[in-house]
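Asks: For reference, the chains in residue letters:
Number of protein chains: 4
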Amino acid sequence: MPDLALVIRDISEEMAQRPDRGAVADYIPELAGIDPNQFGIAVIDGEGQVFTGGDSETPFSIQSVSKVFTLTLALGMVGDRLWRRVGREPSGNPFNSIVQLERERGVPRNPFINAGAIAVTDLILSGHEPREALGEILRFLQFLAQDPTIAIDERVAASEKRTGFRNTALANYMKSFGVIENPVDYTLGVYFHHCAIAMNCRQLATAGRFLAHNGRNPATGHSVVSAERARRINAIMLTCGHYDGSGEFAYRVGLPGKSGVGGGILAVAPGKASIAVWAPGLDTAGNSHLGRVALEQLTQRMGWSVFGV
Amino acid sequence: MPDLALVIRDISEEMAQRPDRGAVADYIPELAGIDPNQFGIAVIDGEGQVFTGGDSETPFSIQSVSKVFTLTLALGMVGDRLWRRVGREPSGNPFNSIVQLERERGVPRNPFINAGAIAVTDLILSGHEPREALGEILRFLQFLAQDPTIAIDERVAASEKRTGFRNTALANYMKSFGVIENPVDYTLGVYFHHCAIAMNCRQLATAGRFLAHNGRNPATGHSVVSAERARRINAIMLTCGHYDGSGEFAYRVGLPGKSGVGGGILAVAPGKASIAVWAPGLDTAGNSHLGRVALEQLTQRMGWSVFGV
Amino acid sequence: MPDLALVIRDISEEMAQRPDRGAVADYIPELAGIDPNQFGIAVIDGEGQVFTGGDSETPFSIQSVSKVFTLTLALGMVGDRLWRRVGREPSGNPFNSIVQLERERGVPRNPFINAGAIAVTDLILSGHEPREALGEILRFLQFLAQDPTIAIDERVAASEKRTGFRNTALANYMKSFGVIENPVDYTLGVYFHHCAIAMNCRQLATAGRFLAHNGRNPATGHSVVSAERARRINAIMLTCGHYDGSGEFAYRVGLPGKSGVGGGILAVAPGKASIAVWAPGLDTAGNSHLGRVALEQLTQRMGWSVFGV
Amino acid sequence: MPDLALVIRDISEEMAQRPDRGAVADYIPELAGIDPNQFGIAVIDGEGQVFTGGDSETPFSIQSVSKVFTLTLALGMVGDRLWRRVGREPSGNPFNSIVQLERERGVPRNPFINAGAIAVTDLILSGHEPREALGEILRFLQFLAQDPTIAIDERVAASEKRTGFRNTALANYMKSFGVIENPVDYTLGVYFHHCAIAMNCRQLATAGRFLAHNGRNPATGHSVVSAERARRINAIMLTCGHYDGSGEFAYRVGLPGKSGVGGGILAVAPGKASIAVWAPGLDTAGNSHLGRVALEQLTQRMGWSVFGV
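Which chain is which? The protein sequence lines are P, C, D and W, in order. Note that my numbering has the first sequence beginning at 2, numbered continuously upward. Note that my numbering has the second sequence beginning at 2, numbered continuously upward. Note that my numbering has the third sequence beginning at 2, numbered continuously upward. Note that my numbering has the fourth sequence beginning at 2, numbered continuously upward.
Derived from the structure by calculation, the hints contain no laboratory data. Among the clues, some could well be false.
[Claimed, not checked] Below, simulated DSSO-like cross-link-like pairs (lysine-lysine); rule was C-alpha separation at most 30 Å, straight line:
| hint | chain 1 | residue 1 | chain 2 | residue 2 |
| --- | --- | --- | --- | --- |
| 1 | P | Lys273 | C | Lys273 |
| 2 | C | Lys162 | W | Lys162 |
| 3 | W | Lys273 | D | Lys273 |
| 4 | P | Lys162 | D | Lys273 |
With the sequences and hints as input, model every part of the structure.
Replies: Structure follows, in structure tokens:
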């Protein structure tokens, strides 16, 4: 068994120096100014030991990584009824594509593309005020990460609201088919805000532990979801968690994972570890470039791929 | 640890009796007459113990399950150059869709949709006569299954050739972009024939063992592919192995698997077992209905999902 | 030469009685209650003689027929720069499709599908307050129809605004590509209101006279547009004026025409006549069913098809 | 009334010298070697007077212009049953697109895109040997052009057959939906050969006269089709005759017309003239660049646009 601390040190050192850093997302103005030279990683193993490297304490905008937690929360609220509003197949299209929605009458392909995550947010919102729903999402993340300081970066949320025309298009399009029930502004308000939650790698890895351990956080013993539901969320992360780069991530990394355009990735090695990496530069599919490279090295050296040692 | 023999007996009994059997593929005339009341299963564990149930000795047309083996063979012949001709992302479209080919200039999304498998066959064919290439594929399967009696069902091959207009369209379409190099008739001839290979569940589970054990068949010690390549083939099986039902298969079964319209599925529990099931009736995505149900029960009871126990 | 008055009387009588009346548009609630048994027609020949039949004095919501006039107005304001924002090819898709926008980076195919007309409205709006822009459009129609009583049906406008999620999606989608410059709410506000202008057949036929007579209204001698521009607007009406039923309209009627979901059609027989028909029931492509039938009979009997007598 | 002879002389002179000549089609090897500096024009007015300019006696490959004549012939053979196999709407896609076929279950949008013309050829073929069907098409053109010397360029036909993978894909795709009834090789053989018919501008303008004169050739008095059918063919030429540049052609030229990748265009000024132009260089939509420019000047100066003088 390789020494995890050593592996993480090696990876952190290499990632700090690599010249190929991808391009920072520029379509959310507030994110465009992030320094691409940052890299952070945190791994929490089955015993709860935390291994970190690089900028693991620097908060970043989790963006679409939040979709894992809103899916979990919504499944807890409405159960499998959720699947009437959103599918669970890879989309074969970029993260913000609207083509598939026309072909499939407003039902998004999965909860991890933008349209699907907006539909999930709409389910969480039902019967609540936006600020209540948002509070619930935030408290859920604080609970999972065992850290009440986690907060929303309001400037990022405001920036997305001002420029999120494509998401507004997706939401209105679904609304025209009855897939969105609340006022579009309410649903999008909650969506833009939960995407703007800021976390660091350590917090994110902590929050994802229940997915690595059959739905329970081994530190607290709290059961977040059933073992079956944890497996199923992992399955969706693996097939759909990296937009139109999901196949590539499975091929290279071999773990369920969910990326965000802020450069973060949450990855799950079932039974072994919860992992968060962060590197702001993205590849052409919109996923963290060095984040993926780091995870590839980590799973390779640790033998953590779900597809074989 | 549950008793595998018992689990398989239970599953076989239930599957023999369930009324929901799906619909036998009717677009290949020679397959349309198959009795939908059949069901077979074979599981080979890490120690090489074989567990079977139902019609596990009845040969069936492996159809697209053959794509796992042609991919393996082609990677052995041309290595990662293969990925210049075919992608490795889920397609988000049915198995025989041509839309994606137009958008992506003739390069199929992955080696497990028809277009992709035809492109892989074209790579195997390069520089050979069709009958040589076909011989090589057949011998590879006989070697993997350790059974020289495995053969092609010529009536099925002839039936596909007579009616395979959609595959002929796909091949010519790729040819127009230079993705197919050999004469279309040659490539399709080999493709139709390797899809028409007949195997039973036991043979198929044996042939797939190398994927469960880091590229080596534990029985013979033969290394078929490197451990990394085995993982990667498993990854593609998981994200793309069930056409536009791949997400559903991952969600319910949680194993890399590849289905064929003959009703067979090869599934791989890395480190644990190689599994073949067969039930001729298909669901709307073209995958064996009871085959999937049986695998869902098997992984659930054995705790074999790659996504957690 | 057949007697036009007689032809119109025959057509009006037949249309009043036909059982096949199509289906009234129900996606705008305020239009859903319209009585489908109405039919009106007005024809103004080259000498300015007006021939009417049926409910030719009943105002109806002109809806997309307004797009002919906003295109004319916008061309007068920005000239051929307009074509940087919108194409002039048939779309091959329904009136409210968003698929094409994704493929062509937010540039709508022509000014007569919803997306294109919204982009045209955005050009008219530039540098104005919404109410000013709307006033300008309304005054232009009053001027063309020589009737200052023409007005907007505010209930229809409000109804569209409340339920126009798909148009809101289209506008936001174009905005994300920079094709819409004004705030989306402003542009859509003007768009929903000019679609809600109410006119009767006589007014509409009068307003369209300039297109039949080389850009000039023969009654007033006013030149509205150049002869070349009139021809070109007619060309776009012929190829794109009936959404995905434009080919059918050209095939059966043989005149440039523009339909609206209110059941109105403006048609132009160059050099001969300006024609307005109204029948609220629509065919599956969203065009007035009896309106088209009436125009087919009219052009056939009068020998007015642009494609030969 | 401008002097037609003078207009044609001016146009011919300008076209001979213009530097913007487009690009000769290179996907049919036999056409790739054509000298792009050629230009020909022939106009036959209502009285039968022939006006020619430039290389009007040089034969060229009529390619898709032949689709007008095969449509006419097929309508004569099977009548409106033809429309069960092919639509009559603009496609909104390039000439050889296969996307639309998947969405609309193998039924091509109109008879002037490749798929539609192949389906029409298949109708003509029904119950004949390929050489008989081809003979019938050729004799029909010889009859229309009153010239028994018109022939097929066998080298062009052979060249297309060798390289026509995309058309082979289209035909097989339609066959898979039952839209093609004859063996694909037969249908394509006839299709490739009728596209390879060689004619000069004078012959082509003569062959098209019936479309300008209510279905009758005024020179012979022969009625080729009814007046209604002539109008309808003209309508389809206007909306669909230039692939995805049909809107542009209507906008600029304002006449029904059909182009071919050999650089020819047949245009019809109903009641006035039949026109053939030829210039081998194509624009990006696959239509003759200078052919379109010449027609634009001709209709402008003669006041022949169907959309107004």
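Asks: Against this structure, judge whether each hint is valid.
Replies: Here's how the hints hold up against the structure:
This hinted pair checks out: Lys273/P and Lys273/C have alpha carbons roughly 17 Å apart, not beyond 30 Å. Restraint check: the Cα-Cα separation between Lys162/C and Lys162/W comes to about 21 Å, which is no more than 30 Å; the hinted pair holds. Straight-line distance between C-alpha atoms of Lys273/W and Lys273/D comes to about 17 Å, which keeps the hinted pair within the 30 Å bound. In summary, the hint linking Lys162/P to Lys273/D is not supported, as the alpha carbons are separated by about 53 Å, beyond the 30 Å threshold.
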